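J.: Residue strings, one per chain:
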Amino acid sequence: MSELLRIEGLSKSFGRHRVLLDFDLTIESGRVYGLLGRNGEGKTTLARILMGVIPADAGGIYYRGRKIPFLDSAYKREFGYVPEDPFFDEEMIVQGSLDFNARFYPRWDRKRAAEDIERFALDPKARIRTLSRGMKLKLELAMALAASPEFLILDDPTSGLDVPTRRDFLRDIIRELAASGTTILFATHLVHELERIVERLLILHAGRLALDEDFDKVKAQTQMNLEDIFVSFVSKD
Amino acid sequence: MFGALFIKEWKQKALTFFFGLGILVLFLLAHLALPGKRDLLEWLTYALLLLFFPFMALILGSSGFESEFRNGSWAYLFSRPINKATIWLAKYAALLSMLAALWLVFLALWLVFPWLSELAGGTRVLLGFIIETGFPFWSLLQSVFLLTVAFSLSILHEKQSNILFLSLIVGLGLTVAVWLALNSKVGQNPVWSAPSKAITTFLVSQILIALAFAGASILTFARSDFSQAREKTLSFLGRTIPLVVLALAGTAAWAVLVPGPGERYLYSIGASGGEPYYITERGVFKYSATKNRVQWLAKTRQIDFFLGSVSSGKIAYTAFDIRSKTDVAEELWVANSDGTGRKRVLGRGSRESGWPAGMPMADLMISPDGAKIVLLTQKPAKGLAAEGSPLWILNMDGTGLENLPADPVLLGLPTEPRAYLHFVSWVRDVHGFLILQRGFATPGTFRLWLYDLKSRIARIVLENGVTASWQSPVSPGGDFLAIKYQKTPGKPWTLALLDLKTLETTDITGGEDRVWSQISWDQKGDRMAYIVRRAQASGPDVYVLAVYSVAEKKTIAETVMTSKEESALLYSPTWLKDGARLLILDRPESCLKILGPDLSEVKRIMLPAWIRLPAGLHVVGDQALVEDEQTYTLWRLDLNKETWKKIYQ
Chain W
138 MSELLRIEGL SKSFGRHRVL LDFDLTIESG RVYGLLGRNG EGKTTLARIL
188 MGVIPADAGG IYYRGRKIPF LDSAYKREFG YVPEDPFFDE EMIVQGSLDF
238 NARFYPRWDR KRAAEDIERF ALDPKARIRT LSRGMKLKLE LAMALAASPE
288 FLILDDPTSG LDVPTRRDFL RDIIRELAAS GTTILFATHL VHELERIVER
338 LLILHAGRLA LDEDFDKVKA QTQMNLEDIF VSFVSKD
Chain V
255 MFGALFIKEW KQKALTFFFG LGILVLFLLA HLALPGKRDL LEWLTYALLL
305 LFFPFMALIL GSSGFESEFR NGSWAYLFSR PINKATIWLA KYAALLSMLA
355 ALWLVFLALW LVFPWLSELA GGTRVLLGFI IETGFPFWSL LQSVFLLTVA
405 FSLSILHEKQ SNILFLSLIV GLGLTVAVWL ALNSKVGQNP VWSAPSKAIT
455 TFLVSQILIA LAFAGASILT FARSDFSQAR EKTLSFLGRT IPLVVLALAG
505 TAAWAVLVPG PGERYLYSIG ASGGEPYYIT ERGVFKYSAT KNRVQWLAKT
555 RQIDFFLGSV SSGKIAYTAF DIRSKTDVAE ELWVANSDGT GRKRVLGRGS
605 RESGWPAGMP MADLMISPDG AKIVLLTQKP AKGLAAEGSP LWILNMDGTG
655 LENLPADPVL LGLPTEPRAY LHFVSWVRDV HGFLILQRGF ATPGTFRLWL
705 YDLKSRIARI VLENGVTASW QSPVSPGGDF LAIKYQKTPG KPWTLALLDL
755 KTLETTDITG GEDRVWSQIS WDQKGDRMAY IVRRAQASGP DVYVLAVYSV
805 AEKKTIAETV MTSKEESALL YSPTWLKDGA RLLILDRPES CLKILGPDLS
855 EVKRIMLPAW IRLPAGLHVV GDQALVEDEQ TYTLWRLDLN KETWKKIYQ
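Chains as they are written, first to last, in the numbering used here: chain W, 138 to 374; chain V, 255 to 903.
Incorrect hints may appear among the rest.
Cross-link-like lysine-lysine pairs, in silico, BS3-like; alpha carbons within 25 Å at most [said to hold, decoys possible]:
no. : chain 1 : residue 1 : chain 2 : residue 2
1   : V       : Lys262    : W       : Lys248
2   : W       : Lys262    : V       : Lys267
3   : V       : Lys265    : W       : Lys204
4   : W       : Lys262    : V       : Lys265
5   : V       : Lys745    : V       : Lys708
A partial selection of chain V residues facing chain W, derived with a Cβ cut-off under 10 Å [what the hints assert, rightly or not]:
no. : residue
6   : Lys265
7   : Phe332
8   : Asn337
9   : Ala339
10  : Arg477
11  : Ser478
12  : Thr487
13  : Asn590
14  : Gly595
15  : Glu812
Everything labelled a hint here was simulated from the structure, so no lab data went into it. Small disclaimer: the values here were computed from a predicted structure and weren't measured. Glycine included, C-beta positions come from ideal geometry on N, C-alpha and C.
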């Protein structure tokens, strides 16, 4: 498998709080990565840096071998992003938001967007500020999928979803995407859900990757489930 | 991408726009319903221009990123494949277009109802300051400025009211500071800018400061971490402060360096050693025949553009000391023709030598040996008794200042108190000089006086006579002065030569020919080209170019050039290096013409289109210099290659 994304020496601090410390990671295309970490360990920070929402203090990100400067925006046409807390222009309506986003993504799939809106039972005419957090997450997900991304970053979105949607999301959508060759980085702290889909396991701890290994291999070596593996790594110190 | 963001912003802020539109509709209704209440309508118009538009701009500008902060949707925008600068610009453009739309509505009212211009147009006074452009322009400028400042600041904080207040303080504070600085004076003189330039300088300051804020805001927006408010604010300040300082420095540079209306000039003060000398608003330069380029002799501002004299390797000129605490003080400076030995010989610090403070100068002339300067001062002047003489003489090094006694009749007293005196030339081996006296009475009186330095007595050499041209009427050897005089007052001028040794005159023209004030001596002083206007038996008068030979004492060639006065006015005939051909300028035909010895046209060289108002022809070797009276630039033509080059701008 070919390298899709490489992160080298990434560091980020918020005031005196150092979140990422000389962080390295290589992501190969077509795989599902599960990123585990405790609260405040930097999963969201990493996702936001990858999406160019916030700048890193140091380090570089390479997409398909090309370094991405913070000011670059073109690469995001191939990235999908579902954040933990959905952030929308609250005054827009659902369909308006989809139409607005459609202009920025060359591979925008209007049919898929319409299907997902229907699948998630979203009213296209509903104003976003009237939607619940779960509904907003569904809209984020619909938008991310409609962009037909090469690389999808899911920043712990399932915690706000209802159980049927979560199951639907994990069982069908993620598998479907993985089958179509989309690379997925799924950051979460809900280990049971991740266990069903993860191919390569990443554990973030103390600003660095404590583990970067194929999940099946780790599981075979440790004879533990994902929760125990995670706990064993983050409680080492 | 830009369009989508632009439309989104319009949709988001439509309510604010319609609020503004509603105010304008109310304003219109008030004018329609209360046509007789002029005072009230005037105040409403003032309120609209001085309060509504600036505050509307502040409201729009400060709302810039308010919703993004409120919803946290800045992260939403940042995570899309949109250039951050595009986001900033699209939002700014949308808000600016809203303000522009409101302005267009107001301008439509302005055009439909002419009384609005009576209420607020024309020169106005605001808080003691003269607003020459009227309130609408002022208000438009201020509102765009305030919108830009407020929008730039809106990236800093989520509360629109805080941003609005901050913008008001910062925007108006900087405006007032710049305005006060532009109007600050030392003594009676503006420190930074001439009053005529104050509005343009102010406009420049507003544009530069707005750009400084916008630049700092875009950079912060694109590069900073919006999740860390303190870091973002510090980053913004770190960019804004140097950029605003740069903007203020740019404004100061503009005020000092860029000439305003009426501040530019390019004035030839004559030639010496075949090299023409020019005085400009930036200093004094000559065109060097050896270096083939402009050579600055003194770079100094506030030069009096009329007063300069060159002779035998020396130059003298006057300049103002505008920083004088009492009045504009005039100074006399001298230098060698290579720019060395520059020295102030009169002005500040020379009062001990007998020079009255603040004495305005009217004319000056260096002696042919470069040893002395004669000066004419204006009357009455502070420190100079009404009966005092305006004639002065001093050595080139500033010593030996002497107030020369003058005949009251020379001064135009008592019959013509406004007589104007002008130096013409030195005579008799520097033992005297000629002065032209012009009376302002009707009909005008003209006299040529000889001032004898030995006897200190002036006597009239010629009645009803003046020099034949303003510049270079004296032959290169200093033997003859071209003059024109009226044998009978009111009759046509006769062109004549005045022998500067014997003071005898020889007529060149006669009959009904009317002399045109353009003469040109060849380099040896053997021949003189001149132009006369000649009446025809039928048809319009014609203008004749002719050449007079001193040796043969007659006109040796002449040709009818044109019947158009506008052509003849600017021919400026100038001898070429060979002394046989003449170069003339034909402005209506946009060309220079080379005329052969028989004055027939030999060659025509077209003027480049970017010389707007050609004038002032000089020939230096194989080069011809042409002044542009509109742009105050100097152009050089290589007469061999026929190529043009701008050598002063």
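J.: Could you tell me which of the numbered hints above are not met by this structure, giving the numbers in increasing order?
T.: 3, 5, 12, 13, 14 and 15
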